[in-house]
Structures are given as C-alpha cells and as structure tokens.
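S.K.: Chains as they are written, first to last, in numbering that gives the first Met the number 0: chain A, 0 to 624; chain B, 0 to 285; chain C, 0 to 337.
These are calculated hints, taken from the structure and not from any lab test. Since the structure is predicted, the reported quantities are computational estimates derived from the model, not experimental observations. Note that the Cβ used here is the ideal one computed from N, Cα and C, for glycine as well. Just to be clear, a hint being listed does not mean it is correct.
Beta-carbon label-pair distances, calculated as ranges [to be verified]:
id : chain 1 : residue 1 : chain 2 : residue 2 : range
1  : B       : 111       : A       : 414       : 25 to 31 angstroms
2  : C       : 232       : B       : 242       : 24 to 30 angstroms
3  : C       : 232       : B       : 241       : 38 to 44 angstroms
4  : C       : 20        : A       : 485       : 56 to 62 angstroms
Derived lysine to any residue pairs resembling SDA-like cross-links, with alpha carbons at most 20 angstroms apart [said to hold, decoys possible]:
id : chain 1 : residue 1 : chain 2 : residue 2
5  : C       : 256       : A       : 103
6  : C       : 131       : A       : 108
7  : C       : 333       : A       : 368
8  : C       : 131       : B       : 273
9  : A       : 148       : A       : 170
10 : A       : 464       : C       : 252
11 : B       : 54        : C       : 256
12 : A       : 148       : C       : 161
13 : C       : 256       : A       : 108
14 : C       : 333       : A       : 193
15 : C       : 256       : A       : 58
16 : A       : 280       : C       : 333
17 : C       : 131       : B       : 10
18 : C       : 333       : A       : 351
19 : A       : 148       : C       : 329
20 : C       : 333       : A       : 103
21 : C       : 256       : A       : 368
22 : C       : 333       : A       : 104
23 : C       : 256       : A       : 510
24 : C       : 131       : B       : 54
25 : C       : 333       : A       : 106
To spell it out: a stretch of chain C is covered by chain A in this simulated footprint if at least three of its residues, at any positions, have a beta carbon under 8 angstroms from a beta carbon of chain A; those stretches are [to be verified]:
id : stretch
26 : 150-163
27 : 199-212
28 : 249-263
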Amino acid sequence: MDMLIAKNLGVSAALPDGSVPVIQELNFSLPQGKVLGLVGESGAGKSMIGRTIAQLLPPGFSVTAGELMFDGQDLVRMPAETRRELLGREIAFIPQEPLSGLNPVLTIGRQIDEHLARLGIGNARARRDHALGMLNDVHLSHGADLLDKYPHQLSGGMCQRVLIAMAFASRPKLLVADEPTTALDVTIQARIVQLIAEMQERDGTSVVFITHDLRLAAQVCDNILVLYAGRPAEYGPARSVFAQPAHPYTRCLQLSNPAMSGPRRALYALPERMPGLSAIKGIEGCLFAPRCPKVVPECTRALPPFVDVADGQVAACIRPETTATIAAPALSASDAPQAGVPLLEVRGLTKTFRIGGGLFRNRAFTAVKDVSFTLHQNEFIGIVGESGSGKSTVARMLCGLERPTEGEFEIDGREVSDGSTSSRAHLRAHVQMVFQDPQSALNPRRRIASIVTQAMEAAGGTSGKERLERAEALLLEIGLPPDAARRFPTQLSGGQRQRVNIARALCVAPNILIADEIVSGLDVSVQAQLLNLLMQLRRKRGFSMLFISHDLSVVRYLCDRMLVMYRGEVVESGPTDRIFAAPSHPYTRTLLAAVPPDDPSAVWSPQPLETDVVAPADMLQEANV
Amino acid sequence: MMRILPPWLRSARVLGGLTIVVIISLCAVFAPLLAPHDPNEQDLIATFLPPVWAKGGQAAYLLGTDSLGRDVLSRLIYGARVAMMVAVLASFGAMMIGGTLAYIAGYFGGRIDSLIGRAVDVWMSFPPVIMSLILMVGLGVGLRNVILAIILVDWTRFCRVLRSEVLVVARKDYVAAARLVGFSHWRTVTREIVPATLPLLITLVSLEMGIAVIVEAILSFVGMSVSSNTPAWGQMIADARQYIYDSPWNLLFPILAIFFAVFGFNLLGDGLRRTLDVRLTATQRV
Amino acid sequence: MIATVFPLVGRRLLSSVAILLIVSMLLFVVLHVLPVDPAAMSLPPTATLADIEAMRREMGLDQPLPNQYMIWLAKVIQGDFGASIHFRRGVLGLVADTLPATVELAVLAMMIASALGIVGGLVLFHVRGSRKEPVVDFGSIMLLSIPEFLWSLFFILIFGVALHWLPFTGRLDPDLRVPAGTGFLLFDALMAGRLDIFFSAARHMILPSFALGIAFSPTIMRVLRSSLIDVYQEDYIHLARLRGLSERRILLGHALKNAILPTLSLMGVQFGFLFGGTLLVEVIYSYPGLGNLMVDAVRNADLPIIQAVGLAYCAVVLIINTVVDSLYMVLNPKLRLR
Ligand code: SF4
C-alpha cells in the first residue's frame, strides 16, 4: 500500500512581480515501509516538500496544483485541526539541526513527557517508564540521568537520538527526515543513519529522506527523486539511478563529487549555479538547459516531458541517451607537481585554553597537543578531523591569530612563533588564511575591490587606481568578471564570495595558504568549481597549502599528504593514497568506514565509536573556541 | 523621486521623527523671531490667562499667560533652546565617552574589558535620577553642569549596548582577516569595526537625546538647572504646579512640549533602528 | 537546583557589597569637592571664623580626604551615619522612617509595570504582521516617550484636579494617623485591623504607583515582543509545530519560557531605574519617602543625609538586581549548570 502519494503537486510563491513555481509537476509514490530519497542542491525545493507535507509553508507560499495523499487522505485539503492531529502521531519529523531542535530551557525528560502526554499516555509514571524504554531503543545509555539533562549538556549526536526517539514514540506511519545528519560529524552521521534504518524497520515506517548527498541516498533509499529548481529531474530505484543516471544533472552531480576509492579523477564542474526563485521564470524550456553540457536548441522549446528510460526509472530530458557520455576531464600529470624544499616546519605545537569563569577559572583544556609536521614547497597537506579535534586551532596558530602555549614553527627558515613585530611581518608575507564562512569573512560594507586589495591598503603607498587594477586582475584569476570589483559581498553568491575570500589571501602572493573548511557548506557543483580553481591556481602560482577539512573525499582529491587529528593529537599522517589504502590507526579506519562507499552495492559498515556515547564536556567546549 | 532617497529616509518613522526634531530645532534657533513676546516680559494685570480658544483667552497670548503674566507660548519657544542644547551636547558627550570605552573594551577584551565592565556595574547600581542629583550637588547648579552631569551618568548606556555589539563584530572573520593582511589595531577598529557599529551608535544618540531632554526637565523642575530668568520647560512645570487650580493649562503645555520632543527623538531612533537594520538584542534595548 | 544556585547568588551578593563600597567612596569624593562648607552651614549665622574653624576640626574636615573617608566608614560600620545638619536628627532614623514608604511605592509600581509589560508584550506580539501592527507599535513608542514625572503631573491634572476621583498629596487622609509598625503602611494597617487606613493609603498610592508603573512598562512590552519574535524563529518552535502541539501550548509551554529570559534581565535594569524614578514621583505627590528627604537635603546641602540616602538607593537597587539575577539563574539552565 502506498503511504504517501504526490500527484502532479505544485507549490508557488507570491513574489512582488507575480507568482513563481517553487515545486512543479511532482509525482511519486512511497509504499509502506520504504524509503524515498529527495536529492538536490540547495534551492532545489527539497525542504519545501517536507514543509508541504506538514502544510507549514512560509508566508506567501501555497499549494497551487495537484494533491498530496497520505494514507488515503489529502493532506492539502484536509482541515488544519485534522492535520495537526496527524502530526507527531502518524507523521513524524527529524530536523537538520538537532541542537536547536530541542527547547533549551526544558529538560529532555520534560520534552519527551510533553510529547507522550499528547500521545495520550496517561499517568506520569507510565510516561517516564515509556521514555526510558524509548531512550534505550535509540541506544542511549543512562536514560534516567539523561531525562534530567538539558539539551546544551548533550552532544549533537545525542540530541539527534533523543529527537529520533521522540519521532518514533508514536510508531508513525510516515517519517520525514530533513538532512538529519548534515550538522553532525561523519562518524556520528553513519550511526544516526543506521539508527533511523533500524527504527524504521522495527515499525514498518515509510520514510522521506531529504539529503544533498547522492551517495548517501543511494545507500539508504529504495527510490530516489532528484530535484532541480523545484522540478523532478529523475526518479527511480536508488541503485539504478546511481549506477546509470539518465538525466544529465544527476550524472554531473555524481561526477562533481570526489571519489573515495579508485584512481583519482578530475571533478566535473557545472558552470554557474541553480537558478533562484526569481530567475526560474526567465528560463525557457528545460530548467537545466543553461548549465547542461548536452543542451541542444530543442531543449529550450518546452519543459521536457518525463520519459521512461528503464524499469521504473524516469527522467525529464529529451536526450537521456547522451547522458552516459558526459565525462570529467582527465587529471593531467602536472596536477601533482613535485614537492620542493621545506617551507613550514612545525615542532611540538600545543595550545591550552583556560576555560570557565569564576570558581573554575583554572580548568585548562588542551585543544592541540604536540603537533609536528613539515610542509614543503608546492605541497598540499590536508588536516582531517571532526569537530573538537583541534584542527582549526592549528590553523589559527599558524597564521598568528592565536599564540601557541608550547612548541614553535619556522617559515622559510625563520622562527616566527614569538609574536614579535618582525616575525608577524614575516608571517604575513608568507602565510595567508582563507576563512571558512565567507559571510563572516567579508566585510559587508566594503566593495569587492577594496576587500581583495586590503593588503595593499595596509601597506599604504598605492593609489586607488592601482588597487582597482590589481583587484580586477585578481578577480580574473579566480574566475570572476572584473565588474564584480564594484559590487558588495551581499550581491554575490556563496561560491563567488568564497572566490573573493581566496583572492584576498592571494593578493600578497603568499607561498603558504591556510584554508579552513573553505568548501564546507557549499553545494557539490560549487564545491567542484572551487576545488578545480585551487588546482589551477597551484599549477599557475605554485604555492603550498594546508587544507583543513572534515570531508575525506575532498582531501583525497586535493592533497598529497594528510594528517588525521583526533582530540588535539595527530594520530596518523602520511601520503593520502597510502592512508586511504591502508589506514593504520583505528580512528582513521573508523573515519574512513563512516563515509558511504562510491559503489552503492558495496556493504557499508560504519563502526561504532565510543565518543558518540560519552560526549565529554571538553569536546563540546572546543566547538566554541 | 522616492527612489533616489536612501532607504532610511523613506521610512515614515524617520520622516516623522525628523520633522518633529527639525521643528523644535527651528524654534530653538529662531526663538527671537518666532516668539510673539519677550519670554520674561511680565504683564501683571493679565496673569493666568487661558489659551485663546478657552473662555477668557486673549489673542495676544495664544497659549495664555502664567502666574506672572508671562506669555506661555514664547516661554515654550525659548524653552526649546535649553532642551535642544542639552540634548545635543549631552548626548554627544555621553557618546564620546561611552563609545570610546565600548570600542576599547569590546575590541581588546580581557582585563581592560572586565575593568570597564566593573565600572559600568558600579554606575548601574545608581538610579540615573539620583546620580545626576548628587552630581549636581557636587558640581553646583547651572546648565553647563546639567550637561556634564548627564554625560557622566549616561555614558554607560552607550558603553553597555555598544560593547556587546563590538564584541560580536570583533569576532567576525573579516576583522581577523584585516589583522592578517597587516592592519594596525587603530585601523582595524576605525575601518572595520566602527563602520559596522555606526548605525547602532546613531540610533543610540537619537534615543539619548530624548533622555537628555527628560533629565534636564527633571533637574530644572527641582531647581538645579538654569537660572530662573532663562525659560525652560521643567521650570515652567515647577511654576505651574504651584498654581495647579488657578491654571491647569500652564501645566499642560510644557508637559506636551516635553512629550513632543521626546517622542520625536524616540520615533527617529526607532525608525533608524529598523531601516539601518540594527540588531539590538533584548538586553540592549533599554 | 537550589544548591547549585546558592553559590552563584552568594557571589552576586559579595560583589554587591564591593560595589556598595566603591559607590560610597565615589559619593564621598563627589560630595566633598562641594563649594559649600558644611561646618559653616551647621552653625548659626552669628558664628565667628574661629567657631567655624573649631567646628571643622570637630567634624574632621581638616584631615585629608582618604582619612575623612576612613573615619566616616568606621562610624558607618558601627551604624552611625552621622546627624542631619538641618533636621538635627540621626540620619539613620530619618532614612529608616522614609525608606519603607518608598519601597512600598516601588514594589507596587514594579508589579504594575510587569503586569502591563507582559500583557502589552503579548498584545504587541499577537498583532505582528497584521494591519493593526503599525498602529499598536506607534502607540507603544508614544508610551515610551512619557517619563514617570509627566505621567504623575498628567494624572494629577486628570484624576485629581479635573475629575476629583483620587487624592494626590501625602500618604494618608489628613485626619488619619499612621499606625506604628514596619513602616509599610498597607501592611501595618492590615495588622492593626484598620481597614479605613488601609483603603485611604491604597487610594493615595494609586496615582503615584500607576504613574511609575506605566512609565516603565513600554520597554518591557517591546522587549518581550521582540524576544518572542526571535524565539519563534527557532527550530524547536518549528519542530513543536511538526509534533502537532497547539499554538497555545507552544506559546505558553515553549516560547514564553525562553522569551522571558531576556525580558527578565531587562527588568532588572528597569527596576533599578524605576526605583530612582520614585524620587520625582514622591516630590510631585508630596509622598513622604526617601525622595523628598533627598530633595530637602539637596536644597539644604545636608551632606550626611545625601550620603546616606544615596547609599540607601544604591543598596536597594543592588538588592533588586540580585533578586532578578537569581530568578534569571533559576530559569536559565545554561547559567545554572555551568
Ligand atoms: S532536456 Fe536538454 S537541456 Fe534539459 S537536461 Fe536534457 S539535454 Fe539537458
């Protein structure tokens, strides 16, 4: 029996200049006990589908066509009170941000209790027993203690488990999980996915699994629906969509994701980005046409119909047969230049923070412990670790934003960790940092030209004209039109801002670039553009880079060597290929096993990690450092 | 036409507030031209006249006369001088002290921050009215000392609110980036942090002007501000209160004048806050 | 829970004592740069220069300022705040007589301010996004622009002079006598079983307490409104909806509990201001409290009183802040459990 059916569903948003389709021609059916994956980049409309199911659309958005049937009832047309009765009972939700999904001023126990009371479990004793059982089911030990805790005392993974327990408390018929693992560390991600699968099997729940990660969707879903700009691009059984994508977009998405195994290949970088709400109306015919590598004039005549390409697999494309011929360019030999002389030498770097105020002022917490490594000319080193591993603290120390408690490092043969004016200047000339969040890294009040040439402003003695010329040259180099120089950061997209961020760091022509999670939070196609840009810049300029990331596949693509950090220490280091092929430290093995494999038919066996359960308070602390 | 105006000028609140403030400023600047009478000219046969529209009012005294037969309208207009002078000077003074300390505390943090924080705590334990009164005792009466007292009392309003905002901005990566490309502390603060907090600063100045008007009125009400031959709204209230049964009008007009002025500043401040997109967290909205 | 809050409150109290000490020092300095000579003030006009000089020595005014302060502090610790030059009475007694009246007025006003503030905040929040919003919001800015002393005068004009509904001078009708007791009139009257006194006192307090309460409510309203708006952006509110909770339950069970925190910390500051606001209100309503004592002392340059009353205001504000902060800690688990 089908639990959720969308028939030609359409959602529109009322913009000042008319209404715009947010979702169009959505068709799927989700049988009982199955998992449907909604896959797409940001702006594809996948979260809007989740909101449509609950009918909690943002102001100005409304369902304009079709129907959405849940268990034989139309969710769109039923009275609000009836729908509210279904929510939390028959239809449950798991959010993206577990930490903010729980009310900070109520204990876990109170929140579970409130939910159980609504479900009609009579007295407080019974509810408490029930709650303990639920926590046990999601493998949270010490349930009784946990009930008295507040959300901020738990780790993100634990909060998500609590939310999963609450979602399954009513044995719902339908579960909507909106990027349930995106905000979590990889190792915890894998465990949460497993847990959802386990609970879903127990209760025979149907699941709508919303994710941006095609690889993950291929692992956990029975069917996949790939969305592009609010319209389905491809729909079909997970394995076949992943193995033989019929729509060019699906194929490109796959190719822009760096592989976890096999030979290193170049990334396919789609140009531009998904059209925003206001741009959709301006596109003629196929919405993907402006970016499609296989576009032909016919594509722009009308919206392409949905064609059957294989058993149960449909694609909205008029030339699905050409999709398989899309290929990423090969990596050239020059993409791995020979490493030169040592540039940066780090010895025994340690950072201890004093935490807490008042009575506990003297509690110390070691964020980074005895880190040593050497970065050579032209070399890219990846530092991999989860939140709290101390990788960002290493970056901040190396560019002088933080003073090391112990240890030292020298750049180009000169000791610079003493913090004196001359070593700061030396540091500045050699090392620049690219920050993680371009939102915070670019002053919204400065024009792009002024941002990228800030180093010249600091040095003084240059005219506005010189600076503008330099800015335009830099923008050209990082792939932005020169007229971007006059704009403000808010007028650029996320990917473009990150390019500006890189351009600023390149302005002084440093020979070491420190990049802290610079592609996290970007869509895969934009990520691919940036990674290719970094490769290209390295070929042209020949600099070294310390690339800090939690994403193993990106590090594998970009870096020659890597360091794995765990709780402030480097647990393993060596050439990237060697570590991926034969990890020696158990933590590295856990980390690698946590990533879903490239091949969906391969067995994915993430291993448990005890930190998931313990969540020491000091690890939480470092997240704020 | 509307398109070329900056957004903050298109807000009805800002326009409304600005209009009121401009009217009062004009009264203050051109008082000798606008006032129909000399504010201190006494007409002892025409005391306690009601305004012109009430029974017994005279056209020569539009808003009536007070206990000494002085023209209320003229005194109101001249009173705007004291009010505006205090509003402008006191709020700028308080902004200079409070703002500077806030930038120092928020940007450098650490010990200097907690020191300034302690000072603010001490100040906050004193209700502003009481503190200004005591300062007036120490400083002696007079308009100059009123302004000084307001500055010494109200710098904390700027310091408290601005400090937490500076703290937020100083943690932004673009501030770290500016330091990394070689900006000095001075340049970082003036080029990166001050512009980001300017809208808040402007909003606060506007609100502080309203507060300054009130405090001046209070101090002239208790007789600690201007000398008795300078017309001021607070003083008019104090006079009128003694003859409340003889002429309630005399009390009403200065009350309305103060309200009007404070309302103008508040409206302007609120409008600026909205249009300049100042994110005031709750504790800052005092 | 109480056990975890206790040390924090203790620390708070300790720092309050430190603040009080610093304040007393500052007061001392400010009041001693005064142009008037307290020794001369305390003597009859016929006194000779030699008399004044003798008086100065007796009062310790010939010593350097730090010494004077230490002498003063030593006395204060023994409970001796000196004697009023003007009233020729012990300062402690004067303050003790007037403080309860002011506290009584302030507490009543705080209750009114909180009630109006919370109800008004909910109304403001309720009309958000509707066509009524600009009107209501405009009204709240108008309220914000009327300070307590304007309300006081306004109320006198309307309810006292024009309508003759309520009395507006003093604490009691002139034919009634203040019963002995704590000094908190409403309480004492009830204890003495004198309902006539109770009602007379209550009627006298209506105008001043409302004037104060109304003046301080708009800030509370506006903060509650914007905190609620902030809280409603949070994921947990969205998720509570997705769990099928009713809007009423979300507001009362989830949103308000979070939105009240910033509101509460603002109320701490506001109540400090409110307590200072009693001064003007007392003067206007001839209400025999600290404020009138202070203004009299200021007019007579009666330093011992100014000093003591200043400290009294400060102490009460610190107590208010400590109470509000403790409440805040009880309600905010993040602070409590750090
Ligand atoms: S219809 Fe044309 S433009 Fe659209 S995906 Fe197919 S080939 Fe590309």
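S.K.: Take the C-alpha atoms of residue 333 (chain C) and residue 103 (chain A), compute the straight-line distance between them, and say whether it is at most 20 angstroms.
M.R.: holds (8 angstroms)
S.K.: Has the given pair, residue 256 (chain C) with residue 58 (chain A), been kept, meaning a C-alpha gap of at most 20 angstroms?
M.R.: This hinted pair is violated, its Cα atoms lying about 25 angstroms apart.
S.K.: Mind taking a look at whether chain A covers the stretch 249-263 of chain C? Criterion is 3 or more residues with CB to CB distance under 8 angstroms.
M.R.: Held - the stretch 249-263 of chain C has 5 residues with a Cβ nearer than 8 angstroms to chain A, which meets the minimum of three.
S.K.: Take a quick look at whether residue 131 (chain C) and residue 54 (chain B) sit within 20 angstroms of each other, Cα to Cα.
M.R.: violated (39 angstroms)
S.K.: Tell me if the straight-line CA distance from residue 148 (chain A) to residue 170 (chain A) falls inside 20 angstroms.
M.R.: At roughly 25 angstroms apart (the allowed maximum being 20 angstroms), residue 170 (chain A) and residue 148 (chain A) break the hint.
S.K.: Can you confirm whether chain A covers the stretch 199-212 of chain C, using C-beta to C-beta distances below 8 angstroms and requiring at least three such residues?
M.R.: Answer violated; 0 residues pass the 8 angstroms Cβ test.
S.K.: Would the pair residue 148 (chain A) and residue 161 (chain C) pass a check requiring their Cα atoms to be no farther apart than 20 angstroms?
M.R.: violated (59 angstroms)
S.K.: For the pair supplied as a hint, residue 333 (chain C) and residue 193 (chain A), confirm whether the alpha-carbon distance does not exceed 20 angstroms.
M.R.: violated (31 angstroms)
S.K.: Tell me if the straight-line CA distance from residue 148 (chain A) to residue 329 (chain C) falls inside 20 angstroms.
M.R.: holds (15 angstroms)
S.K.: Straight-line Cα separation of residue 333 (chain C) and residue 104 (chain A) no greater than 20 angstroms?
M.R.: holds (8 angstroms)
S.K.: Holds or violated: residue 256 (chain C) and residue 510 (chain A), Cα atoms, limit 20 angstroms.
M.R.: Status violated; Cα separation ~53 angstroms.
S.K.: How does the Cβ-Cβ distance of residue 232 (chain C) and residue 241 (chain B) compare with 38 to 44 angstroms: does it lie in that range?
M.R.: Cβ of residue 232 (chain C) to Cβ of residue 241 (chain B): about 53 angstroms, so the range 38 to 44 angstroms is violated.
The structure is inconsistent with the numbered hints 2, 3, 6, 7, 9, 10, 11, 12, 14, 15, 16, 18, 21, 23, 24, 26 and 27, although it conforms to all the rest.
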